[in-house]
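Dock chain B against the given chain A, drawing on the hints supplied.
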Amino acid sequence: MSYSNEEVQRYSRQIALREIGIDGQRKLKEARACIAGMGGLGCVSASQLAAMGVGFIRLVDQDVVDLTNLHRQLLYDTSSLGYPKVEVAEKRLKSLNPNVKLDPVPLTINSGTAEQIVKDVDLVIDGLDHFTPRYALNEACVKLGVPYIFGGAIQAYGNVSTIIPGKTACLECMMGRVSDEGLPTCETVGVFPQVMTIVASIQAREALSLMLGKQPSLANKLLFCDLNSIEFEVFPVIKIPSCPTCGQPIVPPVTEAPRVAELCGKNSFMVSPKDKVSLDMAEATDLLSKKFRVKVRANMGVTFDYSDTISISLMKTGNMLVKGIAEKERALKVYDEVMKLLMSRARD
Amino acid sequence: MPKVKVIFPSVLVKVTAGDKATEVFASTLGDALDKLAAKYGDTFKEKIFDSRGKLKRLLNFSVNGKNVRLLKQLETPLEEGDEVFIFPSVSGG
Numbered sequence: 001m002s003y004s005n006e007e008v009q010r011y012s013r014q015i016a017l018r019e020i021g022i023d024g025q026r027k028l029k030e031a032r033a034c035i036a037g038m039g040g041l042g043c044v045s046a047s048q049l050a051a052m053g054v055g056f057i058r059l060v061d062q063d064v065v066d067l068t069n070l071h072r073q074l075l076y077d078t079s080s081l082g083y084p085k086v087e088v089a090e091k092r093l094k095s096l097n098p099n100v101k102l103d104p105v106p107l108t109i110n111s112g113t114a115e116q117i118v119k120d121v122d123l124v125i126d127g128l129d130h131f132t133p134r135y136a137l138n139e140a141c142v143k144l145g146v147p148y149i150f151g152g153a154i155q156a157y158g159n160v161s162t163i164i165p166g167k168t169a170c171l172e173c174m175m176g177r178v179s180d181e182g183l184p185t186c187e188t189v190g191v192f193p194q195v196m197t198i199v200a201s202i203q204a205r206e207a208l209s210l211m212l213g214k215q216p217s218l219a220n221k222l223l224f225c226d227l228n229s230i231e232f233e234v235f236p237v238i239k240i241p242s243c244p245t246c247g248q249p250i251v252p253p254v255t256e257a258p259r260v261a262e263l264c265g266k267n268s269f270m271v272s273p274k275d276k277v278s279l280d281m282a283e284a285t286d287l288l289s290k291k292f293r294v295k296v297r298a299n300m301g302v303t304f305d306y307s308d309t310i311s312i313s314l315m316k317t318g319n320m321l322v323k324g325i326a327e328k329e330r331a332l333k334v335y336d337e338v339m340k341l342l343m344s345r346a347r348d
Numbered sequence: 349m350p351k352v353k354v355i356f357p358s359v360l361v362k363v364t365a366g367d368k369a370t371e372v373f374a375s376t377l378g379d380a381l382d383k384l385a386a387k388y389g390d391t392f393k394e395k396i397f398d399s400r401g402k403l404k405r406l407l408n409f410s411v412n413g414k415n416v417r418l419l420k421q422l423e424t425p426l427e428e429g430d431e432v433f434i435f436p437s438v439s440g441g
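Chains as they are written, first to last, in the numbering used here: chain A, 1 to 348; chain B, 349 to 441.
Just so you know, not all the hints are guaranteed correct.
[To be verified] Keeping only pairs whose Cα atoms sit at most 27 Å apart, straight-line, the calculated DSS-like set for lysine-lysine is:
no.: 1; chain 1: B; residue 1: K383; chain 2: B; residue 2: K368
no.: 2; chain 1: A; residue 1: K214; chain 2: B; residue 2: K414
no.: 3; chain 1: B; residue 1: K402; chain 2: A; residue 2: K221
no.: 4; chain 1: A; residue 1: K239; chain 2: B; residue 2: K362
no.: 5; chain 1: B; residue 1: K414; chain 2: A; residue 2: K143
no.: 6; chain 1: A; residue 1: K239; chain 2: B; residue 2: K387
no.: 7; chain 1: A; residue 1: K167; chain 2: B; residue 2: K402
no.: 8; chain 1: B; residue 1: K404; chain 2: A; residue 2: K239
no.: 9; chain 1: A; residue 1: K239; chain 2: B; residue 2: K414
no.: 10; chain 1: B; residue 1: K368; chain 2: B; residue 2: K420
no.: 11; chain 1: B; residue 1: K420; chain 2: A; residue 2: K143
no.: 12; chain 1: A; residue 1: K221; chain 2: B; residue 2: K362
[What the hints assert, rightly or not] Listed next, the stretches of chain B that the computed footprint assigns to chain A, with coverage defined by at least 3 CB atoms under 8 Å from CB atoms of chain A:
no.: 13; segment: 401-408
no.: 14; segment: 411-424
no.: 15; segment: 432-441
[Said to hold, decoys possible] Which bits of chain A does chain B cover? Going by a derived footprint, with three or more residues having C-beta under 8 Å, they are:
no.: 16; segment: 76-84
no.: 17; segment: 99-108
no.: 18; segment: 177-186
no.: 19; segment: 238-248
To be clear, the hints were calculated from the coordinates, so they are not data collected in a lab.
These numbers come from a predicted model, not from an experiment.
Glycine residues also receive a C-beta, built at the ideal position from the N, C-alpha and C atoms.
Pulled out of the complex, with its shape left as it was, chain A reads as follows (with noise of 0.2 Å):
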């Protein structure tokens, strides 16, 4: 593999650390990541690795960029406002780094979809925020043996692990089977970014140990760190044989993909297609300007208002956020609607 000069001198002050050099760039080069979550936390790590030279880098997450994000999510402002995270973190990364191939996906992580995001990358980075779609992902990980670098991070404190499939305590070990019902989150206790940007960038770290072949720091334990005192705690986490995720045989839990998910204390749900869709996002954004108001207009989704008091978002994978709604089925409800409304129009 060989480098213009201009990627010589880009990365020539990471080159001449004695734990890279120009034997560890090339390897950096041919690696490929997947950050799973684009936004406090995804924000950082892709853009430490897109900065660094990795090859190839696929950017996950179903959202698009809302004003409450912009204090923590920094590859978004507010011109990027509607847009697909994806759309918007893709066109910052090629500017900031044009040399790496990037891998957009408007997509809900869930049983149904973890492993094809996961399936042909060396590594996962977490950037999720709750546990559900998190244990998909740590099913799909230890199926495939993939190394995923689990992070967390709310108020002033963090968690980071890096989990190897087969080594290590995989996520169910660490911490059980934990549901998101009823626990805190960003939004209802608040976040400071600093902490985003410290657990995030000890996630970056450790995916370059791995992708330099070096042994990382946090394999079979868990940094716990509290920014109020300014303090890191490492803990022992040890794979446990009877886990019903790693334990032998490897036989992860068959969980049915949700279609539906509610995003706390939003009034707003995500729903899921039944089945794999990708739509044509000009003929589809034509179609609804016909019926909506249509806000933003992007490449990946299509941001309109349903009535006056509930917006959508369409992403080309068929994934609706639905803002402006109480109940779960009213949800599919507009969901099918919309859908049905795309698919009798385009077959005129």
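Only chain B this time, still in chain A's reference frame:
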């Protein structure tokens, strides 16, 4: 009865009278936590147990690194010299 060491995370130190670790004689995790609740009082108990007397979801309890949620929960047996770690899970991102 076995003597075990219990290690607390920084966020619990305000309810453990400043202790970062302590030793206790106990045969199960539940036994150990009951004795610690008697030592440190209700504020400690409220941090550890929910209103139904179960371990709080966002706190993890491990014996020598093995999470008791995948063992026998509060009934997990303890042996001489075991280390019980209490550490928080963080869900957001």
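Here is how each hint holds up against the structure:
In summary, the hint linking K383 (chain B) to K368 (chain B) is supported, as the alpha carbons are separated by about 16 Å, within the 27 Å threshold. A hinted pair counts as satisfied when its Cα atoms are at most 27 Å apart, and K214 (chain A) with K414 (chain B) qualifies at roughly 25 Å. For the proposed pair K402 (chain B) and K221 (chain A), the alpha carbon gap of about 25 Å is at most 27 Å, so the pair holds. Proximity of K239 (chain A) to K362 (chain B) is assessed by CA-CA distance (about 31 Å); at most 27 Å being required, the pair is judged violated.
Distance hint between K414 (chain B) and K143 (chain A) is fulfilled; the C-alpha atoms sit about 22 Å from each other, no more than 27 Å. For the suggested pair K239 (chain A) and K387 (chain B), the alpha carbons sit about 32 Å apart, so the restraint of at most 27 Å is broken. The straight-line distance between the Cα atoms of K167 (chain A) and K402 (chain B) is roughly 31 Å, outside the 27 Å bound, and the hint therefore fails. Taken as a hint, the K404 (chain B) and K239 (chain A) pair is honoured in the structure, with Cα atoms around 22 Å apart against an allowance of 27 Å.
Distance check on the hinted pair: K239 (chain A) and K414 (chain B) sit about 7 Å apart at the alpha-carbon level, within 27 Å; holds. A C-alpha spacing of about 25 Å is found between K368 (chain B) and K420 (chain B), which places the hinted pair at or below 27 Å, so the restraint holds. For the hint pairing K420 (chain B) with K143 (chain A), the CA-to-CA distance comes to about 26 Å; that is within 27 Å, so the pair holds. Among the hinted pairs, K221 (chain A) with K362 (chain B) is consistent with the structure: their alpha-carbon atoms are about 24 Å apart, no more than 27 Å.
By the rule of at least three residues with a Cβ nearer than 8 Å to a Cβ of chain A, the coverage given for the segment 401-408 of chain B holds, with 3 such residues. With 7 residues bearing a CB less than 8 Å from a CB of chain A, the segment 411-424 of chain B meets the requirement of three and the coverage assertion stands. Coverage of the segment 432-441 of chain B by chain A holds in this model, with 8 residues showing a Cβ closer than 8 Å to a Cβ of that chain against a need of three. Only residues whose C-beta sits within less than 8 Å of a C-beta in chain B count toward coverage, and the segment 76-84 of chain A has 0 of them, not enough to reach three; the restraint is violated.
Counting residues of the segment 99-108 of chain A whose beta carbon lies closer than 8 Å to any beta carbon of chain B gives 0, which falls short of the minimum of three for the stated coverage. Coverage of a stretch by a chain is defined here by at least three residues with a beta carbon nearer than 8 Å to that chain's beta carbons; for the segment 177-186 of chain A and chain B the count is 8, and the condition holds. Requiring three or more residues with a Cβ within less than 8 Å of a Cβ of chain B, the coverage given for the segment 238-248 of chain A holds, as 4 such residues are present.
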